[in-house]
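*Asks:* Given next are the chains, with one letter for each unit.
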Amino acid sequence: MKSKPVILCYSRNDITNFVVLMILGFAIIPFIVPTDYWYTSILIPWLCLSLAAIGQQIVMGYAGQLALGAAGFMAAGAFALFNLELRLPFLPFPVALGIAGLIAAAFGIIFGLPSLRVRGIYLMVATLASQFFIIWMIDKFGWFKNYDTSGIITAQDIVIFNKPFTTPFEMYLVIMVVVTVLTIFAINMTRGRTGRNWMAVRDMDLAAESMGISLLKTKLQAFAISAFFCGVAGALFAFTYLKSMEPVAFDIKLSFRILFMVILGGLGTISGAFIGAAFILLFPVVLNTFGNEFFHGMIDATIISSIELVVFGVLIIVFMIYEPLGMAKLWENLKLRIRSKFSNRFGGEQKA
Amino acid sequence: MTEILFFIEVVVAGLLAGTMYSLVALGFVLIYKASATFNFAQGAMVFFAVLSFVGFMELGLPFIGAFFVTILLMGLVGFCTERLVLEPLLNESEDTVLMATIGLGFVLEGLAQAAWGVEVRRLDLGIGDFPIQWIIDSTGLFISALDLTAGVVAAGLILGLSLLFRYTKMGLGLRAVADDAGAASSIGIPLNNIMLMVWTAAGVVALVAGMMWGARAGVQFALVDLALKALPVLIIGGFSSIPGAIVAGLIIGASEKVLEVYIGPYFGGGIEGWAPYVLAIFFLLWRPEGLFGEKIIRRV
Numbered sequence: 001m002k003s004k005p006v007i008l009c010y011s012r013n014d015i016t017n018f019v020v021l022m023i024l025g026f027a028i029i030p031f032i033v034p035t036d037y038w039y040t041s042i043l044i045p046w047l048c049l050s051l052a053a054i055g056q057q058i059v060m061g062y063a064g065q066l067a068l069g070a071a072g073f074m075a076a077g078a079f080a081l082f083n084l085e086l087r088l089p090f091l092p093f094p095v096a097l098g099i100a101g102l103i104a105a106a107f108g109i110i111f112g113l114p115s116l117r118v119r120g121i122y123l124m125v126a127t128l129a130s131q132f133f134i135i136w137m138i139d140k141f142g143w144f145k146n147y148d149t150s151g152i153i154t155a156q157d158i159v160i161f162n163k164p165f166t167t168p169f170e171m172y173l174v175i176m177v178v179v180t181v182l183t184i185f186a187i188n189m190t191r192g193r194t195g196r197n198w199m200a201v202r203d204m205d206l207a208a209e210s211m212g213i214s215l216l217k218t219k220l221q222a223f224a225i226s227a228f229f230c231g232v233a234g235a236l237f238a239f240t241y242l243k244s245m246e247p248v249a250f251d252i253k254l255s256f257r258i259l260f261m262v263i264l265g266g267l268g269t270i271s272g273a274f275i276g277a278a279f280i281l282l283f284p285v286v287l288n289t290f291g292n293e294f295f296h297g298m299i300d301a302t303i304i305s306s307i308e309l310v311v312f313g314v315l316i317i318v319f320m321i322y323e324p325l326g327m328a329k330l331w332e333n334l335k336l337r338i339r340s341k342f343s344n345r346f347g348g349e350q351k352a
Numbered sequence: 001m002t003e004i005l006f007f008i009e010v011v012v013a014g015l016l017a018g019t020m021y022s023l024v025a026l027g028f029v030l031i032y033k034a035s036a037t038f039n040f041a042q043g044a045m046v047f048f049a050v051l052s053f054v055g056f057m058e059l060g061l062p063f064i065g066a067f068f069v070t071i072l073l074m075g076l077v078g079f080c081t082e083r084l085v086l087e088p089l090l091n092e093s094e095d096t097v098l099m100a101t102i103g104l105g106f107v108l109e110g111l112a113q114a115a116w117g118v119e120v121r122r123l124d125l126g127i128g129d130f131p132i133q134w135i136i137d138s139t140g141l142f143i144s145a146l147d148l149t150a151g152v153v154a155a156g157l158i159l160g161l162s163l164l165f166r167y168t169k170m171g172l173g174l175r176a177v178a179d180d181a182g183a184a185s186s187i188g189i190p191l192n193n194i195m196l197m198v199w200t201a202a203g204v205v206a207l208v209a210g211m212m213w214g215a216r217a218g219v220q221f222a223l224v225d226l227a228l229k230a231l232p233v234l235i236i237g238g239f240s241s242i243p244g245a246i247v248a249g250l251i252i253g254a255s256e257k258v259l260e261v262y263i264g265p266y267f268g269g270g271i272e273g274w275a276p277y278v279l280a281i282f283f284l285l286w287r288p289e290g291l292f293g294e295k296i297i298r299r300v
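Heads up: the protein sequence lines correspond to chains A and B, in order.
Under my numbering, the residue at position 142 of the first sequence is numbered 142, and the numbers go up by one with no gaps.
Under my numbering, the residue at position 84 of the second sequence is numbered 84, and the numbers go up by one with no gaps.
Possibly wrong hints are sitting among the right ones.
To be verified - Here are some chain A residues pointing at chain B (derived, C-beta under 7 Å):
{"id": "1", "residue": "I42"}
{"id": "2", "residue": "F133"}
{"id": "3", "residue": "Y147"}
{"id": "4", "residue": "I263"}
{"id": "5", "residue": "I303"}
{"id": "6", "residue": "I304"}
{"id": "7", "residue": "S306"}
{"id": "8", "residue": "L309"}
To be verified - Stretches of chain B that chain A covers, calculated by requiring three or more beta carbons in the stretch to come under 8 Å of a beta carbon on chain A:
{"id": "9", "segment": "79 to 93"}
{"id": "10", "segment": "99 to 105"}
{"id": "11", "segment": "220 to 232"}
{"id": "12", "segment": "275 to 285"}
In short, the hints are calculated from the structure, not lab data.
Glycine included, C-beta positions come from ideal geometry on N, C-alpha and C.
This is chain B alone, in the form it adopts within the complex (with noise of 0.2 Å):
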């Protein structure tokens, strides 16, 4: 009995870190729906968004003043890329802009760190990393009150893009510029506000994401690599899909832990670090378009 129990404590708690992939995730999805760009500097985004907010707090802002002046900065970073990277870069290849995106990461990590020095920060969001001592009473599982927030948080604000895409008149022009630019912008859609928003969602979930992350390892430039991590949940939901996204992080997170606790340590351990990519790879062999994906159709 108690084995099962831990099985199901390590599935619990791989689905809870998995949403803080699926939060770093699903900025890469909102920029590629909007722009069919992949965005590489996501990574970035999270580390420059984070750090730049406990910067603020150094400075004396309180928590939700840091918090807004942060995503009026992520707004500022969207409309700079916007206007200086992507529109120089609109008909081009989408690897060169890919790699323009490479080195608009570089861009931010050297931005962000020039300004707020290279040691690592503690970020304490008064959410202890820690067991909830009532579901230990009620069910017997250890699940941290950190990897709950952060559920519950990647739920919340899946739950308000969806909505936000879906009934309000900026999501509505959203989908018509992911589905054709040039027509949405033939009827009268503007074409810069909607990219602006979207960059603008994007640094806001990379705030939260970083947030998250940052209350767990402490704010630091290994959160660029942990945001790697993102890409093998993207390939496996589908570049294109945000249920993708959550789904796709929920299944690396369980399987990285399972995967660990089981089969690691017949190899030593730390298999966490290349696991989710094979598992990425062996999902490529068998639906390329990921689960959500819309299905690639090339042409000579």
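Isolated chain A (complex conformation) (with noise of 0.2 Å):
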């Protein structure tokens, strides 16, 4: 085994930093996004992105099993909500969401089954089933969609505790709380016994396995907790981002657009996800800005949107053989060198 990623460890120091961020989140982000066109097209889909990168990243990045079905699994989680929703309106929203977070687990543990046999690029094309498996399944049962032949389903609204969450501020704070609490569930799993089972896979399987960590129960436990996360994010993408149920919007596309999150963002840290999730929804929205007040529409939207597609293939390939570990090692690193300098200059305490 050649070089794999090194475990860039939290500490406390990080989760302070964390809980800054969520300050900033609730307390000071209301306070100066005034518009709805932030939250509906920046704030809501970066963060239900990051919360299925999130989930990609425990497959991939830290149990290392190369999957590509996120998408696959986000739509298993949004029309399970979708479903529970319309037939058990009983249920308090929080806890639909968490059993349509289950039923998309379930569908991980069962395509999570073939990585106890195989492993790099074969997994890969055995997930790859799950996506267009659970895809087919939804389009081809009418029962998934209600019966609805318009192709176009209304999501329903979030409701919880009587009291409706619908305008775009609102389902930011419900998707802000949910993202937390998930997040600081996933931050806790990868530095405790779990975390670092998955780890010891990632690095040396046999070697693990030989250790006494259970292969079947580690990569499973994998499959099902990012297929939940995924379903998770699914759920949220579609009620409050899409607001409408189609099986075409969780496409191959969107797998390929999750695994760029984290590769870019870096394999193997929960930060990563959310920064590549930023870059990946960012970047097209920064190319089409820039080609428009240059050129003046001058370039085809096509032509943009092709040399999107060339600038991540290059981004992917220069991050590969530069620094494998993505933008959050690089966020990592120009943190230390700036703490390095002002120590140096302080004569303050060395830090590694």
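Got two chains here, separate frames each, mind docking them using the hints?
*Replies:* Listed below in structure tokens is the structure:
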């Protein structure tokens, strides 16, 4: 085995950072972001996709299983929530969301089974089956879509304790709470025994097995939890961002985008999921504005989207060559550099 | 009797469609054999090659001219890939290289679309996608001319490649590199030339596969997704075996059609999309190394 991602540990310091971020998210952003545009087109999809990226991160960055079917699990979660709301309307929204996640997790376990026998590209193909199968299943059986023939199914409103959360800001708050809870959950898991088992399996599965780590349990656990995160993310994505239920939105392209978030953000870091999601989401926006600003519509929109593909591809190659740990590591390096500069200047304590 | 005839027809159509999967899979196998790299960009190469081919034709080049210019272009792509992507990643883990080739795939897709546009092109090879009359007359089977051509072309290509690898100096060098790249380069086999040749060969295969697919479904972005179907083919055939790619392509093609026709209606049809993958999973449980692949032995 050649070089593999090093564990970037989370110290108490980082948890403090996280708390600061949370205060920023809950107390500061609501006051400085006035327009709905920011909520509906940037913050909401960013948080949803970050959550999905955490799911992908768990199975790929932590457990080292090359899986490519995140969007399938997202679709499973989204349609599970739709049907739960439709058929069991008495369930409170948070409970329904949790159950939707669990249903996605069940799919995760089923499609994680091949990971016990195969790895690498073989596993990638096996997980592609989940992607195609889940979308096909939702498309073919009318029950999942409540026999709606129009093709456009509106998602129900989010109602918690009889209070509807329908404005972009209210939805943002709901997502923020869910993302916060699940992120803390994910961070704790990766720092604890579960996460260490995952990383042992990732770094050398045979060695891990001979040290008494059950591959069966560890791998399936990773797939289940990953699918849970993706399922919840997919449900939120459909209910707050898409606001409609359409299987096409969860096609293989979304799976690839989530894969890129994780690769570019940095494998094996939770913060990488957020950074990667922000980058993948914002980059096309920036490129479009740039293209319009400087060339005043002289460049075709299709050309811009092609250039976007090229840039993503080049970035992936460049990161694989120069910094396989992704943007999260770059950010970490930057912090270290600044910190060491300051500690040198003021003679403060040295931190490694 | 007609039912049996219909079954044979389904199987034959499936087998011939399967040769198209084999053609795509062949490109993967070539590169995997030479460098133990799984080239995820092969699907994008198919798209890139055939779109460039059609593009050159539109620029006014004759068929043969466009064909050779495209081959030169694919050689250039291979050269750049070798120098800019694979060499820096020489000692990295397999997964890292795999992800880099995913990136390469996106670069190729983006470049192709930026250069030639996104609209669906028609590719007329002069071979119709309709049944051949004399086969209907003699056996009663409906077999598409295009399918048959694809089968013949695939057979020719495979024969050519096998001969090339077995009887030429280049082929000998390639097999040496595949066996042990370090040892091969230490006895003076030019690694870079071999790689360049392999990538060009993969480019040629991609072009031919793209032309066959393009003639049927139009030259469009969906070709990249079609190429994903080559993945189950590889799993079943094994990554390093050319006969494996062929046999597995035939298996996938035939079983996909048979399943779609006989079992599909019970599920509302459209199972072609995922049936090959599920088939591949069952195959993995039985033979993880594929039909003709080398047994994988891993040690701590």
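*Asks:* Compare the structure with each hint and give your call.
*Replies:* Right, here's what the structure says about each hint:
no., hint, result
1, I42, "violated, 23 Å"
2, F133, "holds, 4 Å"
3, Y147, "violated, 13 Å"
4, I263, "holds, 6 Å"
5, I303, "holds, 5 Å"
6, I304, "violated, 9 Å"
7, S306, "holds, 4 Å"
8, L309, "holds, 3 Å"
9, 79 to 93, "holds (count 7)"
10, 99 to 105, "holds (count 6)"
11, 220 to 232, "holds (count 4)"
12, 275 to 285, "holds (count 6)"
The structure is inconsistent with the numbered hints 1, 3, 6, although it conforms to all the rest.
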